[in-house]
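Colleague: As you go down the protein sequences, you meet chains A, B, C and D in turn.
Residues are numbered in this note's numbering as their position in the first sequence, beginning at 1, plus a constant of 94.
Residues are numbered in this note's numbering as their position in the second sequence, beginning at 1, plus a constant of 94.
Residues are numbered in this note's numbering as their position in the third sequence, beginning at 1, plus a constant of 94.
Residues are numbered in this note's numbering as their position in the fourth sequence, beginning at 1, plus a constant of 94.
Everything labelled a hint here was simulated from the structure, so no lab data went into it.
Incorrect hints may appear among the rest.
No copy is singled out in the list; a pair is fine if it fits within one copy or between any two copies.
Stated by the list, open to error - Here are the simulated DSSO-like cross-link-like pairs (lysine-lysine), alpha carbons at most 30 angstroms apart as the crow flies:
1. Lys170 with Lys249
2. Lys178 with Lys126
3. Lys163 with Lys110
4. Lys241 with Lys110
5. Lys126 with Lys163
6. Lys249 with Lys178
7. Lys178 with Lys163
8. Lys249 with Lys126
9. Lys126 with Lys110
Number of protein chains: 4
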Amino acid sequence: MSTILVTYYSRTGNTKAMAHHIAAGAREAGAKVDLLPVESVSPETLLPYRAIIIGSPDYYGLMAAPVKKLLDDSVKLHGQLAGKIGGAFSSSANIGGGNETTIISILLAMLVHGMIIPGVAVGDHYGPVAINAPDERAIRQCHNYGKLIANLSAKLT
Amino acid sequence: MSTILVTYYSRTGNTKAMAHHIAAGAREAGAKVDLLPVESVSPETLLPYRAIIIGSPDYYGLMAAPVKKLLDDSVKLHGQLAGKIGGAFSSSANIGGGNETTIISILLAMLVHGMIIPGVAVGDHYGPVAINAPDERAIRQCHNYGKLIANLSAKLT
Amino acid sequence: MSTILVTYYSRTGNTKAMAHHIAAGAREAGAKVDLLPVESVSPETLLPYRAIIIGSPDYYGLMAAPVKKLLDDSVKLHGQLAGKIGGAFSSSANIGGGNETTIISILLAMLVHGMIIPGVAVGDHYGPVAINAPDERAIRQCHNYGKLIANLSAKLT
Amino acid sequence: MSTILVTYYSRTGNTKAMAHHIAAGAREAGAKVDLLPVESVSPETLLPYRAIIIGSPDYYGLMAAPVKKLLDDSVKLHGQLAGKIGGAFSSSANIGGGNETTIISILLAMLVHGMIIPGVAVGDHYGPVAINAPDERAIRQCHNYGKLIANLSAKLT
Numbered sequence: 095m096s097t098i099l100v101t102y103y104s105r106t107g108n109t110k111a112m113a114h115h116i117a118a119g120a121r122e123a124g125a126k127v128d129l130l131p132v133e134s135v136s137p138e139t140l141l142p143y144r145a146i147i148i149g150s151p152d153y154y155g156l157m158a159a160p161v162k163k164l165l166d167d168s169v170k171l172h173g174q175l176a177g178k179i180g181g182a183f184s185s186s187a188n189i190g191g192g193n194e195t196t197i198i199s200i201l202l203a204m205l206v207h208g209m210i211i212p213g214v215a216v217g218d219h220y221g222p223v224a225i226n227a228p229d230e231r232a233i234r235q236c237h238n239y240g241k242l243i244a245n246l247s248a249k250l251t
Numbered sequence: 095m096s097t098i099l100v101t102y103y104s105r106t107g108n109t110k111a112m113a114h115h116i117a118a119g120a121r122e123a124g125a126k127v128d129l130l131p132v133e134s135v136s137p138e139t140l141l142p143y144r145a146i147i148i149g150s151p152d153y154y155g156l157m158a159a160p161v162k163k164l165l166d167d168s169v170k171l172h173g174q175l176a177g178k179i180g181g182a183f184s185s186s187a188n189i190g191g192g193n194e195t196t197i198i199s200i201l202l203a204m205l206v207h208g209m210i211i212p213g214v215a216v217g218d219h220y221g222p223v224a225i226n227a228p229d230e231r232a233i234r235q236c237h238n239y240g241k242l243i244a245n246l247s248a249k250l251t
Numbered sequence: 095m096s097t098i099l100v101t102y103y104s105r106t107g108n109t110k111a112m113a114h115h116i117a118a119g120a121r122e123a124g125a126k127v128d129l130l131p132v133e134s135v136s137p138e139t140l141l142p143y144r145a146i147i148i149g150s151p152d153y154y155g156l157m158a159a160p161v162k163k164l165l166d167d168s169v170k171l172h173g174q175l176a177g178k179i180g181g182a183f184s185s186s187a188n189i190g191g192g193n194e195t196t197i198i199s200i201l202l203a204m205l206v207h208g209m210i211i212p213g214v215a216v217g218d219h220y221g222p223v224a225i226n227a228p229d230e231r232a233i234r235q236c237h238n239y240g241k242l243i244a245n246l247s248a249k250l251t
Numbered sequence: 095m096s097t098i099l100v101t102y103y104s105r106t107g108n109t110k111a112m113a114h115h116i117a118a119g120a121r122e123a124g125a126k127v128d129l130l131p132v133e134s135v136s137p138e139t140l141l142p143y144r145a146i147i148i149g150s151p152d153y154y155g156l157m158a159a160p161v162k163k164l165l166d167d168s169v170k171l172h173g174q175l176a177g178k179i180g181g182a183f184s185s186s187a188n189i190g191g192g193n194e195t196t197i198i199s200i201l202l203a204m205l206v207h208g209m210i211i212p213g214v215a216v217g218d219h220y221g222p223v224a225i226n227a228p229d230e231r232a233i234r235q236c237h238n239y240g241k242l243i244a245n246l247s248a249k250l251t
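Okay, chain A solo, but in the shape it has when bound (with noise of 0.2 angstroms):
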């Protein structure tokens, strides 16, 4: 069975919403998902996950500072991360505001760690994004996300 943690920072809980509708979608399609904040997250936590998937909403255009201290503080294990299955996703105040490129910089990071990205073929191309509090288009984003990884995830053992 493959197992995958979904972890977000959020403060208003619209990541936080999209980090459930993603793990639903993934447990839908066979998978083991852990769900955390990432401020319960240590890089150690990272290492028996197969997929790790990593919310953030938009700050600056990019993951917020304790996101990016997370994949920071990870480099003491760096190389160990290789091979795993990555996936990001963001909230945003606005279209145009900086979500894609928010979830870019978080794939960024994990191709840095040798992390294996998958794209959407169709819809949100990057990872979910939604505008302020997911909507019925940003839900179905999600869950189809969770689903793409749980199946990618089953498929490279």
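Given the coordinates of chain A, assemble chains B, C and D onto it according to the supplied hints.
Modeller: Coordinates of chains B, C and D only, in the frame set by chain A:
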């Protein structure tokens, strides 16, 4: 008087409509604006303008190839665009579908040319984004962006 | 056996040389590799491969227009590349001259296609980079990258 | 007289050394320059400067978390940095190791603030990059970048 070129690639008319709204905003702020499809722009066309604003639909998260071709061809006058003001806009079929990264692809090419790029503190931060045909929100973003570029062009002489 | 396409655009021969070293690394890891200039690749050419690696010189911080044109044209088979493995490499005249952003431009387009992108934990993290003709360092990066893609292709069937 | 802040995060001293060379270039062009480690900069510190140049080592392809924290905290004066000139630089252990994307992460945050970003037509196009301790090449890039920012600051009053 500051002179601005707004150029665009448009198949469906959405990016062209955005270009018109940007031009209108820039004119309202006192600029002389030319509006040209990218097919009728050569590298030499770019030389007399103080500011150049380029729009593209989101094709695979980046500017369309015909826009890229203009930028590639402009290498023959590399250095001569340095110090000009640059801006970019995009239209896309989806939120999260690559609209921001399309704009950033244009801005990166402009930075390589030594151009000067203003961000947008309130609204679409990297440049205006429309999801399909520009709605009221997108039109307002375009209008304000035209003004911002015109005002900066008037200051930077 | 995993089959990989390495395709490239090259005017000076530097990107082509990188392509050869990537292909050699992938073959050493047991993959069947085809090596083709982008001019002889159509969207349909891409379909049978399990992995596609695309190289471009750094033209204004992004892939060259002929490479972008192939990707734009590939929209007609959108969805059919989903799940394939993707990789990218670039050659550039300068450190800090846009080599990383050139690679990322290719990777973004691949993510939009729903392709799967591996990062590199040790070395050139987004894909191999050469400054001018590939030196020993760059050749080693290319070789290892070919291996990495081949190994992932063998696992992800 | 134009006033410029050069601020940096540096653990090994490489980014700090770059900051000194940028400051020297800016001073040579007639600017008044303050040089401060990011730890002694608060959001309010940023307000009086006409230009702000931020340097970071490449931590997972992006600015280090302490630099991101300063930018996140600066949200309380959002809008008040609009129209200021921004620049960025990075040091990294490898070519292709994320130096460009580190710079771009800083530039994106500055664009969200509505700051104005100049590119570099000749040299390190997005901002100066050093591989490990700045060598002669990197020092020259830093020097020229300081001058470029100082000259633009003097023009844009």
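Colleague: Run every hint past the structure and note whether it holds.
Modeller: Consistency of the hints with the structure:
1. When the C-alpha separation of Lys170 and Lys249 is checked against a cutoff of 30 angstroms, the pair qualifies both within a copy, at 28 angstroms, and between copies, at 27 angstroms.
2. Proximity of Lys178 and Lys126 under a CA criterion of 30 angstroms is satisfied in both settings, with 15 angstroms inside one chain copy and 25 angstroms between copies.
3. Taking identical chains as interchangeable, the C-alpha atoms of Lys163 and Lys110 lie at most 30 angstroms apart whether they share a chain (19 angstroms) or sit on different chains (21 angstroms).
4. Taking the closest pair of Cα atoms, Lys241 and Lys110 come within 30 angstroms of each other only inside a single copy of the chain (18 angstroms); across copies the shortest separation is 37 angstroms, beyond that limit.
5. In this homomeric assembly, Lys126 and Lys163 come within 30 angstroms of each other (Cα to Cα) only inside a single copy, at 26 angstroms, whereas the closest approach across copies is 33 angstroms.
6. When the C-alpha separation of Lys249 and Lys178 is checked against a cutoff of 30 angstroms, the pair qualifies both within a copy, at 12 angstroms, and between copies, at 13 angstroms.
7. Taking the shortest Cα distances, Lys178 and Lys163 sit within 30 angstroms of each other both inside one copy (20 angstroms) and across copies (28 angstroms).
8. Taking the closest pair of Cα atoms, Lys249 and Lys126 come within 30 angstroms of each other both inside a single copy (14 angstroms) and across two copies (22 angstroms).
9. For the identical chains of this complex, Lys126 and Lys110 are intra-copy neighbours only, at 18 angstroms inside a copy versus 44 angstroms across copies, given an alpha-carbon limit of 30 angstroms.
Consistency note: the structure conflicts with none of the earlier hints.
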